[in-house]
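S.K.: These are the residues of each chain, in order.
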Amino acid sequence: MKVLKQSVEIKKREAEEKKQEVEVIRTTSLLMYTLKRLSKNHVAILGLGLIIFVILVAIFAPVLAPYHPIKYVNILKSMVPPGKEYPLGSDYLGRDVLARIIYGARISLMVGLVAEMVALSIGIIFGSLAGYYGRWIDQLLMRITDIIYAFPTVLFAIAIMAVFERPSITQLFLVLGFLGWTDIARLVRAQFLAIKEREYTEAARAIGAGDRRIIFRHILPNCLAPVVVATTVGIAGNILSEAWLSFLGLGAQPPLPSWGLMLNEGQTYLMAGKYWLAVFPGLAIMVTVLGFNLFGYGFRDAIDPRLR
Amino acid sequence: MRKILLMGSCWLLVFLLAWGVMAQEQFGGIFRWPSISDPPTLDPAHVVDTTSDRVVRFMFNGLVDMDVKTFKPIPSLAERWAISRDGKVYTFYLRKGVKFHSPVSREVTAEDFKYTFDRFLNPKTKTENTWILEDIKGAKEVIEGKVAALEGVKVVDRYTLQITLESPFAPFLSKIVLSNTFVVPWEEAEKWGDAFTEHPCGTGPFKFVEWVHDVHVKVERFDDYFKGKPYLEGIEFRIIPEEATRLAEFQAGNLEIVDIPFGMIKSMQTDPKWKDMVVIYPMLGIYYVGFNMEKEPFKENKKLRQAFNYAVDRKGICDVIREGAAIPAKGFSPPSLPGFDPTIEGYTYNPEKARQLLAEAGYPVGKGLPPITYWHNAPSKTHSAIAQYIQSNLRDIGVNVDINTMDWAAYLQFCQEGKPQMFRMGWVADYADPDDFLWVNFHSANIGPRGNYSRYNNSRVDALLSLAQEITDWDQRVKLYSEAERILIEDAPVIFVYWYVASGMLQPYVKNFEFCHFDGQPEFPHTPVEKVWLAKK
Amino acid sequence: MIYYILRRLISLVVVLVGMSLIVFILIFVLPGDPITAIMGQRQDPETAARIKAEYGMDRSLIVQYTKFLSRAVRGDLGRSYRQRLPVIKIIQDRFKATLRLTLAAMFIAIVFGMTAGVIAAIKQYSWFDDLVMFASQIGFSTPVFYLGLILILIFGLKLRWFPIGGYGRGGLRNLVLPAITLGTIQTAYIAQITRSSLLEVIRQDFVRTARAKGLGEFTLIRKYILRNALIPIVTIIGSIFAGLLCGAVATEYIFAWPGLGRAIVEAIRVRDLPVVQGGVFFMALVYVLVNLVVDILYAYLDPRIRYR
Chain A
1 MKVLKQSVEI KKREAEEKKQ EVEVIRTTSL LMYTLKRLSK NHVAILGLGL
51 IIFVILVAIF APVLAPYHPI KYVNILKSMV PPGKEYPLGS DYLGRDVLAR
101 IIYGARISLM VGLVAEMVAL SIGIIFGSLA GYYGRWIDQL LMRITDIIYA
151 FPTVLFAIAI MAVFERPSIT QLFLVLGFLG WTDIARLVRA QFLAIKEREY
201 TEAARAIGAG DRRIIFRHIL PNCLAPVVVA TTVGIAGNIL SEAWLSFLGL
251 GAQPPLPSWG LMLNEGQTYL MAGKYWLAVF PGLAIMVTVL GFNLFGYGFR
301 DAIDPRLR
Chain B
309 MRKILLMGSC WLLVFLLAWG VMAQEQFGGI FRWPSISDPP TLDPAHVVDT
359 TSDRVVRFMF NGLVDMDVKT FKPIPSLAER WAISRDGKVY TFYLRKGVKF
409 HSPVSREVTA EDFKYTFDRF LNPKTKTENT WILEDIKGAK EVIEGKVAAL
459 EGVKVVDRYT LQITLESPFA PFLSKIVLSN TFVVPWEEAE KWGDAFTEHP
509 CGTGPFKFVE WVHDVHVKVE RFDDYFKGKP YLEGIEFRII PEEATRLAEF
559 QAGNLEIVDI PFGMIKSMQT DPKWKDMVVI YPMLGIYYVG FNMEKEPFKE
609 NKKLRQAFNY AVDRKGICDV IREGAAIPAK GFSPPSLPGF DPTIEGYTYN
659 PEKARQLLAE AGYPVGKGLP PITYWHNAPS KTHSAIAQYI QSNLRDIGVN
709 VDINTMDWAA YLQFCQEGKP QMFRMGWVAD YADPDDFLWV NFHSANIGPR
759 GNYSRYNNSR VDALLSLAQE ITDWDQRVKL YSEAERILIE DAPVIFVYWY
809 VASGMLQPYV KNFEFCHFDG QPEFPHTPVE KVWLAKK
Chain C
846 MIYYILRRLI SLVVVLVGMS LIVFILIFVL PGDPITAIMG QRQDPETAAR
896 IKAEYGMDRS LIVQYTKFLS RAVRGDLGRS YRQRLPVIKI IQDRFKATLR
946 LTLAAMFIAI VFGMTAGVIA AIKQYSWFDD LVMFASQIGF STPVFYLGLI
996 LILIFGLKLR WFPIGGYGRG GLRNLVLPAI TLGTIQTAYI AQITRSSLLE
1046 VIRQDFVRTA RAKGLGEFTL IRKYILRNAL IPIVTIIGSI FAGLLCGAVA
1096 TEYIFAWPGL GRAIVEAIRV RDLPVVQGGV FFMALVYVLV NLVVDILYAY
1146 LDPRIRYR
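Residue numbers (the working numbering), protein chains in the order written: chain A, 1 to 308; chain B, 309 to 845; chain C, 846 to 1153.
Heads up, some of the hints might be wrong.
Okay, the calculated bits of chain A under chain B, using three or more residues with CB under 8 Å as the criterion [what the hints assert, rightly or not]:
| no. | stretch |
| --- | --- |
| 1 | 47-55 |
| 2 | 133-147 |
Here are some chain B residues pointing at chain A (derived, C-beta under 7 Å) [claimed, not checked]:
| no. | residue |
| --- | --- |
| 3 | S317 |
| 4 | H507 |
| 5 | R546 |
| 6 | P549 |
| 7 | A552 |
| 8 | G571 |
| 9 | M572 |
| 10 | G624 |
| 11 | W716 |
Everything labelled a hint here was simulated from the structure, so no lab data went into it.
These numbers come from a predicted model, not from an experiment.
Just so it is clear, CB atoms sit at the ideal spot from N, CA and C, and this is done for glycine as well.
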């Protein structure tokens, strides 16, 4: 009985939405339509809010942080629990945990964004080439994609770090970017394959449109929405990966206040009861990644209403 | 009145009896010993780390052993020995009736030692630490594969072994305390070849039972041990990589001994439940930050190196980061090393003097300094914390250094090739002689992979150290090492940071566990396990 | 069908060979070698060179790689430099541990994930549905190692209910915390996919028809809805399983679980090439095989795929 009632409800809602959709499609392009639906999605708005919050914290770090995250070292005030002096406690060198978390936002955001830019560039090129030319080029590029997809991140990170001899955040951009483009490539390729076959492509060719025009006018704009989703989710993934690599000692180097690095240092002191060194940076990671995920998934829901 | 006296004396008697019984050594029990990692090998020839060393010492013996208190060589399978006047010929008189474990089960003779030594240097064995026996005459030829037998090792008769060195080498006896030279039976070694590590057979107090990789190594009592039947029934060497888990197991009563995890020493020392089980003592090791003497800006700038030494707050590092389990280093050789000179003054924490020296070095307030990178190996909480603290100490006098890290495997090669300007290193004694500290780390012949990572080259120091190697008079040697140490401190090829302190916890019912202050936790390889007994119900 | 399988098998071989070559080159290029690492701080360079020659490490890249390949095809993956054990044995032992952990995590994920997903789908738009969606988002945003640390803190240290790590005697108690850690995030995935897949099926016309014909609720769910919804769910479970087997490294690290992932990372650290090579090879093999099985299953269940 419940299921029946429910499916009736669903049908009703869908009919409503369809009406709205038709309205919207008549007047705007896919992008505008998506944006409009997005504004109605509370969860996505929350995500966007979190993202903006973190970005603001990163930008205004010098104003917000009570002490300098690196330079303020006070060995006598080592491991002070959260309280009046240090809002979130102090670490083993007497540095302020809150200040380090605030400045850590800069590192996480930077890595997340830049790495994703790298991944985006590679992904779009690969996907376009594979989708457009098809046949053996497609097969070859897809095999490469498979290899990269299954490749262990850690090994690659160690290799890049060693090759450069002076490990730094720059390496992280490369590692994460070089390993993170597979999803985008697959998306772009799928779009290419799909649209290549469509009738309006034939029509466009018939009237003499060259390859470039077809690509830039028809195919790429359709990629935009799913790629945006993949990018946001990708940034979230990069932040998590940075935390993991820094945790392993393969990412940001001390004394940088990377959240992953702080988790690494915090783990040791967990047993000794000094929980604040690990708990708070982890929360910071969660909040930031949550923001990007909520927004990304919200965006996806906005594109494809059936999934909601 | 008399009744009370009678009662009293009866109770006293009972009490004394009980106390006497309780203090009596008991046979039986399994000692559960934790390990940080799976031992890479159980073949004495291949021992390069303390984990393997500990397990090998359960099962094997050599010519000499180490006195737990003085670190000096004492008789083991060699009953006594004689050294020729020129210091080149050592004659060892072996104990009779020492048996190998089954399946060999026969008496050890001088032939066995010859076989062991020849095998050790044979290139087919692929031994890593060939430097242990390189002083013997003919060693080079065997290492290169030109001959199979050492010219300098002679079997005089069944129980007499004579070793001739290339040139007199005073610390030779201390060197062969190392378990690499412990005797192996040729029957088993030839039968198994490279796989001897999976079927170890020796003369030690315990014999091999099983090895489940990454889980445990089990050994059981060898009744015919030459020093007498060991008390323990067996030892279970449990591999537990996580320090927190090791501690938890100890506290649950599943381990008899344990090392204390990073950051927990103070809490264990103050917790009434555990504090009486804590053992802490200075060890033979030093933590230092080396300068590359062949690179700018440390090359030929003594004042700069001295400035850095005055800038570091050793007390802060020892008291806070190491929680008191470290001793600020005044020089290089640690206090418990035989021959230590207590009159030597070292560097203190003096930022004013550091700034002054910095200016005299040509870089007032750090102006004009080229970029400097402080390297250390990762992952390590200690190295990271100390690096960051030293970085802030240096910042206080105006010097900015970057910190960078590398995996141990790559880091070692990196340092061997002389690439870093400043690098963190430690040195723990291989054998208890000042030669092991000063000659290995600072003689110019050892620049590079042989141990002198600072690439320090001082002809006066070279001469002092070489001479001290050859002469046999102990007091003379101490004087030479003292002088060398003073020059080293003045030259400051490294930042002397702290001397190691070992710490651990021992269950109260473990008796007669002698800690040798040569050892670190949790292996304590030189503790004679045949003497240990458990006072359990 | 056969043709399909054959094609996939060929691409499997290509991927494996490609992967092993890249891994080999990377380790080769990495500074530091296992012999130097073993010999430690005081070593004789001539001895080092001699030992390396004995192991054949002084030959060129091509020679070494060819040797490796020729042995690998015969099933001999060499011996570990560090432990001198055959690599196959090491992989066997460590993989057993990883498998245990993965199966336990999958069990938790499937049981809780599917239940939550089904209930959420049935009660769509209710508070439970929203809760599940939000909870799964938080699940995606939590770094695995952070979750592990928190669980250790609460259940291992404060409450002392479970041991904080290690394989122990192979009992169940040691498995709980790591399995929960690993399984939680997968629960989120499975819940989401179950929910959306079920919803998609519920909306189908044939469901309406079946209901109109008077079919009872449970029969409906059991016979029609679940069966059809299962297809994408099975696919996801398959690829999660494959991914977990390869990627449980973080959990293995935190809980000192003697799994294959951790073994590979540690082998990389000490440049134990045979173990890295063999381990990555094995992982890739498992990953691709599981995916292959899933794909075949998918093709079998959904005839539409076969005729692409």
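S.K.: None of the hints should be skipped; say for each whether it holds.
M.R.: Going down the list of hints, with the structure as the test:
1. Under the rule that three or more residues need a Cβ within less than 8 Å of chain B, the assignment of the stretch 47-55 of chain A is violated, with 0 such residues.
2. With a cut-off of 8 Å between beta carbons, the stretch 133-147 of chain A has 0 residues touching chain B; three or more are needed, and the interface restraint is violated.
3. Using the Cβ-Cβ criterion of 7 Å, the hint placing S317 (chain B) at the interface with chain A is not satisfied: the shortest such distance is roughly 52 Å.
4. Nearest Cβ of chain A to the Cβ of H507 (chain B): about 34 Å, over the 7 Å cut. The hint is violated.
5. Taking 7 Å as the C-beta contact cut-off toward chain A, the hint placing R546 (chain B) at the interface is violated, the least distance being around 19 Å.
6. Evaluation of the P549 (chain B) hint against chain A yields a violated restraint, the C-beta minimum of about 14 Å exceeding 7 Å.
7. At about 5 Å, the closest approach between the beta carbon of A552 (chain B) and any beta carbon in chain A falls short of 7 Å, and the interface hint on this residue holds.
8. At a threshold of 7 Å, the smallest CB-CB gap from G571 (chain B) to chain A is about 4 Å, leaving the interface hint in force.
9. Contact between M572 (chain B) and chain A, as hinted, is supported at the beta carbon level, the nearest pair being about 5 Å apart and thus within 7 Å.
10. Hint status for G624 (chain B) relative to chain A: holds, with the closest Cβ pair at about 4 Å, below 7 Å.
11. A hinted interface residue such as W716 (chain B) counts as satisfied when its beta carbon comes closer than 7 Å to some beta carbon of chain A; here the least separation is about 11 Å, so the hint is violated.
Going down the numbered hints, you'll see the structure goes against 1, 2, 3, 4, 5, 6, 11, while the others check out.
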